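With these hints in hand, go ahead and build the complete structure from the sequences.
There are 2 protein chains.
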Amino acid sequence: MSDLPNIGFVGLGIMGRPMALNLLNAGYSLNINDKSRSRIDVLAASGAVVCDSPMQVASSSDVVFIMVRDSEDANQVVLGQSGIIHEIRPGSTVIVTSTISPDSVRNIADRLAQVNVDTLDAPVSGGEEGAKKATLSIMVGGKPEVFAACLPILESIGRNIVHLGPVGAGTIGKLSNQVIASVNMLAMCEGLTFAAKAGADLPRLLSVLQAGTAQSWALDNQAIKVLERDFAPGFMVSLQQKDLRIALAAAEELHVALPGCSLVHELYKSVESEPGGGGLANHAFVRALEKLSDVVVSADA
Amino acid sequence: MSDLPNIGFVGLGIMGRPMALNLLNAGYSLNINDKSRSRIDVLAASGAVVCDSPMQVASSSDVVFIMVRDSEDANQVVLGQSGIIHEIRPGSTVIVTSTISPDSVRNIADRLAQVNVDTLDAPVSGGEEGAKKATLSIMVGGKPEVFAACLPILESIGRNIVHLGPVGAGTIGKLSNQVIASVNMLAMCEGLTFAAKAGADLPRLLSVLQAGTAQSWALDNQAIKVLERDFAPGFMVSLQQKDLRIALAAAEELHVALPGCSLVHELYKSVESEPGGGGLANHAFVRALEKLSDVVVSADA
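Taken in order, these protein sequences are the chains called A and B.
Under numbering that gives the first Met the number 0, the first residue of the first sequence is numbered 0, with each subsequent residue one higher.
Under numbering that gives the first Met the number 0, the first residue of the second sequence is numbered 0, with each subsequent residue one higher.
Simulated from the structure, these hints should not be mistaken for lab results.
Values in this document were obtained by computation on a predicted structure and should not be read as measured data.
The list that follows gives simulated cross-link-like pairs (lysine to any residue, SDA-like), each with its CA atoms no further than 20 angstroms apart:
#, chain 1, residue 1, chain 2, residue 2
1, A, Lys268, B, Leu262
2, B, Lys142, B, Asp102
3, A, Lys131, B, Gly211
4, A, Lys224, A, Ala298
5, B, Lys142, A, Arg203
6, B, Lys268, A, Pro258
7, B, Lys290, A, His254
8, A, Lys34, A, Gly79
9, B, Lys142, B, Val161
10, A, Lys290, B, Ser261
11, A, Lys268, B, Pro258
12, A, Lys290, B, Leu247
13, B, Lys290, A, Pro258
14, B, Lys241, B, Gln75
Residues from chain B that keep clear of chain A, each with C-beta distances beyond 12 angstroms, as calculated:
#, residue
15, Gln113
16, Lys132
17, Gln240
Even for Gly, the Cβ is constructed at its ideal location relative to N, Cα and C.
What follows is the structure, encoded as structure tokens:
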């Protein structure tokens, strides 16, 4: 018998599946559930116990991860008819790794607190690759002692794991990250579009820009893919848009103006309007600016 | 007698004076001129020859630097009544280190070419501190052989010196840098404003953001000054606005849309509308967003 807690995992998509696999590989026994049966085969073959509902996952787990697409799905998984809340044992912990609205995650935490269950909001970044390699960055909100108790578990799926405050603080951190990263991408794409239209030697210019005050993660990691016309995801336009929608809705609640982020969200619609555009990598944002100014930002131009 | 070329320097402001001093310290004999006599005292005391006009500077110099405020001043210094063009010797070189419009610098180069004088456009970045320490980044446009001949001279005032293409290419590179850096600052300020209004622990959040996809030079260097409410320049709002005006005018000529940069330029007007606002550091941009959303982005909040 193991002293490790039993873990539950609900939501086995592109991110959830490799995260769950890393928990299995770390030696945890795992109860899993997903709306789609087809997603659970690999995990079941590796020893995970397949459950018929989130409720059933909760009934035999000490810590339950939720990695579903959006606030609606998270609410359904926790509070719905066959939701976690109906069977989860007092003293358990729910860890929401989805990026959902701060209000939703606080509401889920409040409801779970009524049955003596703790909640951490722990949205991740690092994408599918980070999920596979267990190198996700994780911003966490919740009680410090709950964070401390769950840290060894989180260390099985991520590397840069930081406690930012009470429930909701992890989500606010993640949304701040998405606001800044998306506007940094606007910056990168706009500078390169200007330079392309002016006839600049883009690869040479890029190396200079990376060494100065224009430097950013976007300029270091995404600009070269723009110049090479490589739009294979990675982090997809449709998911970037989902995160920006959550950030903008939260900003609306808070009465805080995000003029840059709003602009990025609007211009992305031009990329989404292309067939398959939503499935491109998020730096395909440049295509909106290219269409506006009738230019192609390419190393070969 | 020295084999070093005689150097002329016109425009001895915050940037020009320390640049000229570094040339003197590197052993070059220097002919200097500025509209304001008061700016030349230190240099004259260090051995520079004070000239009455740009024309007189040119008459005894092999290489003439121009570091004036804007396109109008640069045109006056080169093409005006007592301008360089009237006395400069064939085979000399003019190096324009001001950030002026690409059209202006190309026009100056064309006119100087008619009297067999070469031009480099070599706008710098790194600010007053970079000028003093001779660590400026310099993006250069012009003939490769002229760049090669002038490189030892430029190495007396800067460190990261890159040839980007024909005359105008240095300016396009600098403007691209300013477009990206200014929109990165919008990103940083917007993310922090959102987090502040949501009640986040800003210093803790900042260190997490710097480690992820939101990272930028602005986030690494300017965000902490925002949190500490330190708006002492550094690179001033009024000069940032001048550069954005040049970039936006160049973009208008090229028919390239810069929606993010335009937004930054507009919002900066809110900072400029404060008494003394134009003289604040450029990350005082955050004050525009703070006013919009009735919040203060501070480490103490």
